[in-house]
Amino acid sequence: MGTDTTSTAAETEATGDRVTPKGAAETPESTDRMAVLERLTSRRARYGTGGIAAFVIGWFLVSLTQPSYVLPTPAAVATTFIEEASSGGLLVAIGQSVLHWIPGTIVGTALGVACGVVAGWNPTIDEVTSPVVRLLRPVPPLALIGFAIAWFGINHAGAAFIIAIGAFWINFYAAYGGVEGVSEDLVDVGRSLGVDGDRELLQHVVIPAASPEILTGIRTGIGRCWMLVVAAEIFGVPGIGRRILRASNNLQVDVVIAYILVLSLLFLIVDTAFRATQRRLLVWRGETR
Amino acid sequence: MGTDTTSTAAETEATGDRVTPKGAAETPESTDRMAVLERLTSRRARYGTGGIAAFVIGWFLVSLTQPSYVLPTPAAVATTFIEEASSGGLLVAIGQSVLHWIPGTIVGTALGVACGVVAGWNPTIDEVTSPVVRLLRPVPPLALIGFAIAWFGINHAGAAFIIAIGAFWINFYAAYGGVEGVSEDLVDVGRSLGVDGDRELLQHVVIPAASPEILTGIRTGIGRCWMLVVAAEIFGVPGIGRRILRASNNLQVDVVIAYILVLSLLFLIVDTAFRATQRRLLVWRGETR
Amino acid sequence: LGGSGGGLDEVTVAHMPIYPDLQWYVMEGEGFLADVDAEIVGQEFTDGPAIIQALGGGDIDVAMFGIVPSIIAIDRGLPVKVTAANIHEMLGIMADEEFQSLWEEHGAEAFAVWEEQTGSPFEFGTFPQGSTPDVFLRHWLSDGLGLDPDSDVTITEINGASAVWQAIANGEVDGTSIMEPVPTIASEEGADVSLFKTAAEIMPGQPGAVVTMSDTVRESDLAGQFLSAHVRATEFIQENPDETAGHVEEGIGMPEDRARTALESPLSNFITDPREIESGTEVFARFAEANGQTDEQRTIDEIFDYSVYEGL
Amino acid sequence: MTGPDPGEGSAASADDGSAAFPEKSLTADAASVSGDPRVEARGLSKRYDTPNGTVRALEDVSFEVADGEFVCVIGPSGSGKTTLFRLIAGLEEPSEGAVYLGGDRVTDPGPDMGVVFQEYHLFPWRTVAGNVRFGLEHTDASDAERRDRVQRMIDLVGLTGFEDSYPTELSGGMKQRVAIARALAVDPDLLLLDEPFGAVDAQTKEMLQRELLDIWSETGKTALFITHDVAEAVTLADRVLVLGSDPGHLQDVIRIDLDRPRDRGDPEFGEYISLLRHRIGADGDR
Amino acid sequence: MTGPDPGEGSAASADDGSAAFPEKSLTADAASVSGDPRVEARGLSKRYDTPNGTVRALEDVSFEVADGEFVCVIGPSGSGKTTLFRLIAGLEEPSEGAVYLGGDRVTDPGPDMGVVFQEYHLFPWRTVAGNVRFGLEHTDASDAERRDRVQRMIDLVGLTGFEDSYPTELSGGMKQRVAIARALAVDPDLLLLDEPFGAVDAQTKEMLQRELLDIWSETGKTALFITHDVAEAVTLADRVLVLGSDPGHLQDVIRIDLDRPRDRGDPEFGEYISLLRHRIGADGDR
Ligand SMILES: Nc1ncnc2c1ncn2[C@@H]1O[C@H](COP(=O)(O)OP(=O)(O)OP(=O)(O)O)[C@@H](O)[C@H]1O
Ligand SMILES: Nc1ncnc2c1ncn2[C@@H]1O[C@H](COP(=O)(O)OP(=O)(O)OP(=O)(O)O)[C@@H](O)[C@H]1O
Ligand SMILES: [Mg+2]
Ligand SMILES: [Mg+2]
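Sequences listed follow chains F, R, C, V and W, in order.
Take the first sequence: its position 121, counting from 1, is numbered 121 in our numbering, and each next residue is one higher.
Take the second sequence: its position 10, counting from 1, is numbered 10 in our numbering, and each next residue is one higher.
Take the third sequence: its position 35, counting from 1, is numbered 35 in our numbering, and each next residue is one higher.
Take the fourth sequence: its position 44, counting from 1, is numbered 44 in our numbering, and each next residue is one higher.
Take the fifth sequence: its position 263, counting from 1, is numbered 263 in our numbering, and each next residue is one higher.
Isolated chain F, as found in the complex (with noise of 0.2 Å):
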């Protein structure tokens, strides 16, 4: 609960396996029920409140004793965040970001997925490929802008192409932890129940056995996305990333500032829609974490 858990290592942890539902609350006095909920959604955002103004205030005591190209005031970065949301710039960028990001993880998240799935699934495969894999693995997207304007050109593929990669290395992880992780025994059951060869067994057992953390993975991999688009837009194409380089050459720290708070708003909404469909998807967890 809480702060909430997304886009590392650690997080799949959290809305990982350790559900222990309580069956709570089995007599219930639906009297005070709307009572109770309001008091603990309150609380939560009384205090979450409380944090977010205490962020802002240090920021702002910490920006007195800095120059503003260092870090500006929060007063500037807002106004600088309502002039460039009122002149339509900062639609205009999300549009032209999205139009890279979208395709990027979807195709990044689906390639993932899939060789994860075989490479959890098939020894041999996996054998021969680990380690190229571990190999390839650190290697840093941007390092690939070469390949990316080589193959793809100065355009929203290349542009998805970096973002791709993000998020392929990611739900290749998920995707093949996941299914290493399904029962053998789970396989067995299936298997006895008539389910053959390698396609129908992943589709009908392993897959959606190993769904939750391929949600999780794609989950992840949509955040990191958003971080790499100013990796992505590092040459020619346009975006959020693009403004966020420029205002950085010019050292327009609040643009800079202004900019990043777009990702992070885009990501929080984006991630908290993701979430509502991956609990929903997921019902059958008995849990609603």
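Treat the hints with care, as some may be off.
To be verified - Computed footprint of chain R on chain C, listed as stretches where at least three residues anywhere in the stretch have a Cβ under 8 Å from a Cβ of chain R:
#	stretch
1	163-171
2	250-261
Claimed, not checked - A short, non-exhaustive set of chain C residues, derived as facing chain F with CB atoms under 8 Å:
#	residue
3	Pro49
4	Gly56
5	Ile72
6	Arg76
7	Val113
8	Gln117
9	Thr118
10	Ser120
11	Gly125
12	Gly130
13	Ser131
14	Asp152
15	Asn159
If you are wondering where the hints come from, they were derived from the structure by calculation, not from laboratory data.
All C-beta atoms in this analysis are idealised placements derived from N, C-alpha and C, irrespective of residue type, glycine included.
On the provided structure of chain F, position chains R, C, V and W with the ligands as indicated by the hints.
Below, chains R, C, V and W with the ligands without anything else, positioned relative to chain F:
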């Protein structure tokens, strides 16, 4: 097994909870023990080598169709690699990067684990910090270079700061998830056995119980920090990342790839070493994943 | 760290591993800096903005970087001024060879003809808006040719020489505004895009990298000593291209033979005298203001301090 | 409840001579059946290669199971019960020997065998009905037939009303009933159960045993039931195969000549338990 | 093995008049004890606020436990057994009422209470010896004393030789023995167990019950043992507290007047079981 599950959300799962020991081999006949072991490992090695070979051949074939400034041949990269290694430049660069990689990783990891443990343990702190955390999480380390320079200067401390940020979040979420997942009953047992107060409970019950997740976080963080070496060396600080950046400015793709290889290999070494440590620390989990 | 304090036993010099900062590598490699009465510490950066931030942090005493970031630094109120230039007229416009033949026929109309023939406007790929090559390109298009940089052509922003080169090599752009080593490499690799116009033709006195010094340094003898070494380095570059190429390889990482070729390029105009870039700097100051990079248009007086060079 | 009311219905089997058990019942007669067997294991051996050497999990095991018979397999931990289960189910290949089901050699797992594991292994992402339907989806039954059969199976195991519950919402006993319904839904020739009631509490266990016997007699299925609980074997089986360890082998076959329903209070029942315990040489934990 | 050999030692308790159980035993007499009680619950109530409303888990429960007494708490699922356990252990605050241990009000958990949970909750990162030592590390005993006590506890629960094993290497029964040794190691005034044998198989359960009784009589500890297994309560308890649901309340207190060791074959044992079942109104699963 096989593909080593490292560095992303995903792998936490793989090295994670679903440990179902099989209590295999209770009546071994040690006569052919070595033979079997050898057979298994040699198979792995053979397949893995095959995979690497296929990869290099594939690279070679692609490089024939590409100009050397997009993708040099494996031979060209190997030559460059050997040159750099024998000239000593490679070792120097490694030594320089290590100077900020180590302190950055250590500080970021320590702070990340500490904050994650506290937020995961104390619901009030969690509720207060949670929105701020969600807002700050997506800020790319690259965007923090300005602060790094302003606050730490152009030196290993500034570079270490960038690296520490990367390590911080991964460890924060890992520790957070780990602590949040610690069974309350285990804590109750500790309390009923005389462990009193937050500090003692954390020390004697919560942190040991969360140690698998914390260690996985540390391991993932170590990996990510290597990749951040490039970002951390964008300003002033010399090292592998700087070599990569400089070679890239001079359009020397072979040098870029050679140094990325160095990053990969170092990552492999460090990760293998840490995995061994992790396994030793977690013998009690009864499984050697 | 740096000697921004009173004593100044140590001077930190920010530089970038780029061709226009060649004097630094020569000064270092040839030991010219031994004559300065302070310990000189070099600090390598990859981009100008980082240098500004370091200047703001008081870590840097002397910065060898672009004119635009220098103007921005001055606009932000940092106590620095430009005391020398490293190079002038170092930028060139590169264009597709087909376009170059169109140009011979049509002159400035060539852009329109190109668009007619190919169906899309001529595409330049260069550093982000407000960067030195970008300003140079826009200046040429609007002030030189009377075109609208935003509608008559397409300007694609690309970060880094490497990405620009990849874009050229892969035919992703039709032209660029860029400095060495890209033109040299392009001609070595036989790319379709080649050097078409030099800054000398378009914008005499086009500024490139400059030497920017903090007030503390400028007010000490160290400034003059440093510039003397700079002058020596400039002369050395002009007189000893072979040895210079060695320094290029050592300092910047460019292979020696390629560096040797680049030194012959019409874009390799190493200088020290800051007045040689005065006229170009005015243009840049104007663009910086128009792009919102500076709050107001900075004047030559605010930017330059000629006294150090003139006192040599 | 079978509870503790003594003497009732157990008298019928008294003429078998409870004191006169054959001292050594491992004969060809006891391991084989008259008529065509439903299941036949011939010289089954299974060895596992592990990094620590070869494990001889099962060595030359042969037996037959008659059509409609209820056979229990019992033995200490590590005696190869699960291995035998997997070989018969076709989930693993024997190192030597073969398994025949209705005369055909078993090479693959399939819907002619209904398997039930100790840990239920329900498909957690499917509801109760979805789990029971799983096997039917891979047959060419019509939708209506499927729905009908699923409902019948759910009724059979007494889970009417829980069709749309997910496994996480069920108790252990209920989960195991779903597993049984799922195994029965495809109408297998043989029901194979590996310690199905090992993880539920004592009361639930007794109830499930009663229900299983009801289902068994109602459907007339052949059942091979693995357990390490001696009382369970005596409660359920027509015959009990006793496995021994190191390597796993068929040590004994004991026919339980008691009428059903059997009463644990019955002295004969107790004697069978003593006999089996003696044959296993088991003494509790580990 | 207590097994099924009938009549032996159960005769001694016959003079209690097995047919003459008090029909309603919930009186102040039955819930309280003569002399100073070791444990006293006075008017315990517990309500939980949940998003779905307030749950009245326990309502006005009062009883006493004498020094050295073995009391079982039984009741259907949701009757507040675990809630009672947590209140007595000091793991939660009662909404009303209070718990007294040896006359002192219980406010916090601590080593004066040894708790054992159903799921063992061993510290997985510690060996058997490390687990047993855990509580001792927070006392000022010397190293030698600790080592000595740890070894005695391990011997007491019959795990000699497993000192250096990790919990993952142990069977369920062995784990529960470690949990008991760990709880006993700090020499608590009261041993509190919440369905400790709910997850082990029937045979192991019987053995553990026997062992627990041995330990109890050897150490003279007071024990409060929660279970939902009627036979277990009758096997172990001096007195049985029966909880009822909706809201959780103390419904009945029944004294088990049988000498130990008790024999499940004994008709009186069976009658107690019937009585308890009747009082609970329980009928099996769910
Ligand atoms: N996949 C395997 N690889 C290696 N050894 C195995 C494997 N499966 C089983 N064994 C070994 O074979 C032997 C028999 O195991 P099996 O699981 O069949 O025994 P079991 O009678 O079912 O025991 P339990 O009562 O504990 O379930 C054991 O020594 C076991 O360690
Ligand atoms: N932390 C809690 N929050 C809300 N309700 C709770 C909580 N703990 C218990 N309850 C509710 O209190 C009631 C009593 O629960 P309790 O766990 O004490 O029952 P129990 O007798 O131990 O049941 P079981 O036999 O299933 O263990 C139940 O309705 C339960 O849902
Ligand atoms: Mg088994
Ligand atoms: Mg309970």
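Results for each hint:
1. 163-171: Answer holds; 4 residues pass the 8 Å Cβ test.
2. 250-261: holds (count 4)
3. Pro49: Status holds, d = 5 Å.
4. Gly56: 5 Å, holds
5. Ile72: At 6 Å from the nearest chain F Cβ, Ile72 (chain C) passes the 8 Å test, so the hint holds.
6. Arg76: 5 Å, holds
7. Val113: 23 Å, violated
8. Gln117: 20 Å, violated
9. Thr118: 15 Å, violated
10. Ser120: 12 Å, violated
11. Gly125: 6 Å, holds
12. Gly130: Constraint on Gly130 (chain C) satisfied, holds at 5 Å.
13. Ser131: Nearest chain F Cβ about 7 Å off; hint holds.
14. Asp152: 19 Å, violated
15. Asn159: Check passed: Cβ of Asn159 (chain C) comes within 4 Å of chain F, closer than 8 Å.
The structure is inconsistent with the numbered hints 7, 8, 9, 10, 14, although it conforms to all the rest.
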